[in-house]
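Those protein sequences? They're chains A and B, same order as listed.
Counted from 1, the first sequence has number 204 at position 204 by my numbering; the numbering is strictly sequential.
Counted from 1, the second sequence has number 358 at position 358 by my numbering; the numbering is strictly sequential.
I should point out that these hints are in silico values taken from the structure, not numbers from a laboratory.
Watch out, some of these pointers could steer you wrong.
As the list claims (entries may be wrong) - Under 8 Å between C-beta atoms, here's a sample of chain B residues computed to sit facing chain A:
#1 ASN115
#2 PRO116
#3 PRO136
#4 THR251
Quick caveat, the model's predicted, so the values are computed rather than measured.
The C-beta atom is built at its ideal place from N, Cα and C for all residues, glycine as well.
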Amino acid sequence: VIADALSGVRVVELSEGVAGPLTARLLGDAGGDVVKVEIGEGDRARGWVPQVDGAGAAFSSLNRNKRSITVASPADPAISVLVGLADVFVVDEALAKGLEVDLDRLMVANPQLVVCVISGWGPEGPWAGRPSAELPAQLASEATSSLGRPGDEPERLGTDHAGVACGNYGFQAVTAALLVADAGGQRIDVSLFGSLMHMRTALWVALSNPDAWSGFHLDSYTKAPEHYYTCKDRRVIFLSQRVDDLKALVKDLHMEWVLDDPRWDLFSADTGVLGRHSDRVHDLWDRGLSQWTCEEANAIFNRHGGAVFPCLAPDEFVSDPQVQHLSVVIDSMGNGPSRDLRPPWQMASTPASVRRGAPRLDEHRSEITEQILSARKWVVASAPGGTEGA
Amino acid sequence: MAGPLDGIRVFDLTMYMAGPWAAMVIGSLGAEVLHIEQPDVDWSTLNAGTPPLVRGTASGYLAWNMNKRGLSVDIKKPDDLEFAHRLIETCDVFMSNMRPLERMGFGYERLKAINPRLVYCHATGWGHGGPRGADPGTDLIMSAFSGGWAMQGARNGLGEFYRHATQVDATTGNLLAQAVLLGLHARKRTGEGQHIEVTMVDAAATMQLPRLAELFGGMQHQPMGSSAPATAPDRAFHCEDGLWIGVSVTTEPEWRSLCEAVGLPELVSDDRFASNRARVEHRAELETLLLDCFARQPRAYWELVLSRARVPWGAPLLWEHLRHHAQVLANGYLAEVDTDAWGRLWTGGPPWRFSRTPAAMTGPPIPGIDTDACREELDRTPGIRA
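So that you can see chain A by itself, here it is in the shape it has in the complex (with noise of 0.2 Å):
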């Protein structure tokens, strides 16, 4: 019986933060085997806020179905000896350079090793080992220009977006090499940067050579800042891109008076959410939905080809009754909150899990110490000139 996609690949991972940590748990999600080796106190993201149960939350999610083993740096003789016997090893940019033996020769002594390297802005040109985050990819990337007003202080996605696109990408290129690895081993890299570039793909193609500029794409860069809407019970969006007469809907919802306001070519040019003119006519919608609740409302844009949903909090989102009925949000296993996310995929003979919760620091410390010493020779017997000194 195989029980995951992935069950057999033996991962290690020298990485922190997001971006190369999510790749690596995407891996054990998918029944990958992972040891993730840290640095003296640790991944950086375990100091992160909120802490809960001794490590930053978000650390505890990224790094579960993972065992821990502690070094006291990249140099580390130990951490060759399992790359040796690794069939992937997921590193981040900054920790390679201190390996004892380099990437090259980890190749070369594993030839079908297949390395991932996460950087901030990609192995080639100017910023090339520079180091980098999440704000400063997604300032440099522009995807902090869909937000805010220019010459305002950037605002940042919410989310960390280039990390969390990095570990998507980077797992796919890992899975991806896999299937070719008995033909060799590759290095591949990913970086926060050149994931959110690709990530804004369809603006470089509406950006080429645009019949028009204006438009639901470039007028992104120009638009006001777009806040949600508010109904009787709640806060909403709504959708009116098909509303076939809006003069028929306005009448419908009871709010006739707006045709005769000043601002009526406003409001009915382009006025949906994320319209031209949303930002001026935001009020007279405010002013109308709130006679309704988010379901009468709805009801009556569907009649008209529209359509009202709720805008939910984070909160809310988590507890809602789709998501419960699909168990997006799962029970952890392990350290850290109560909560995570279950696996992404819904895989129906291979079915992605959570075996462990995130490890404490060096918490398995002695079964890998025990594999690297029963491994050990094979390593050195069978590396061409290189891992001698591992």
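Model the placement of chain B on the given structure of chain A, informed by the hints.
Chain B only, in chain A's frame:
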């Protein structure tokens, strides 16, 4: 050298953004992707026709259908449906983000009977069943539903929607591409395909993974401008010349380097700032000190100083910088593809660099242009009924 998925054939029955994106990614990895459109379709309305158009074609169609062959199949016609099924017999992967697949003749059981090795990957908005199972799933709806808006925006403001509402779709597409890769791994072991589903709900949740984990850990998020909730100092600072620079300190060595670099070495031994936890707790005092400090020099000064100190920094760039930027060009983070119908298009370069099996970007197909060639290939395929 071909990409890692060279030799893999994909039946791409997708529309709008999330599905086409996934198949575009799979195509970039070297698979042969057969993208299905209806015959005689109006190019301006492809992929929801979201403007702007580029030479009369929806930019979303061009962006999300790179790396594919174009087929026209009218699946409502029995002959065309049979053609599609014969094609699926030759495919390794079926991908779709459409809903009535059973009714359309592409339900899992039917396709499995045609090709038991088929990896069948389906993206849905809300999964199956439940109170919202039948609701439409658009990027904006999911962004509103999943709460991301409440964690971003001006400091102490109402929260803001991300105006380029494509990122939940792109993330859904990335999960669907992952599903394809995992399905191929499983098939290597079992010899059989399987049904794999991803939902936009999972994608929206995954996208916000660090924030939701913090929520599960008891944190209540607010819009914080450029500041990060979990780390400090980690925000944009206004420089003397009116420009902004983002500075992110997420380790203790970076903290010590920052203090030295900005001329505030005494902060290293200040108990209020002795750890990330302490700095987050005293964020207001810390940011006041640093705002004052950064306002004394122009951005170019800080870029140099922070680079030397190896403190992570970034400055806002825009398209006109990026398309010429040495870092972008050196790493291929933008790709230029030449097309007959639309001229030269820019697009995102592959987000991964493979040393042995390189990924690549090719232009989108004219809808339907490869239909005849695919029919002829099929007629020549042994074992496939002509």
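A quick look at each hint next to the structure:
no., hint, in the structure
1, ASN115, "violated (16 Å)"
2, PRO116, "violated (12 Å)"
3, PRO136, "holds (7 Å)"
4, THR251, "holds (5 Å)"
The structure shown violates the earlier hints numbered 1 and 2.
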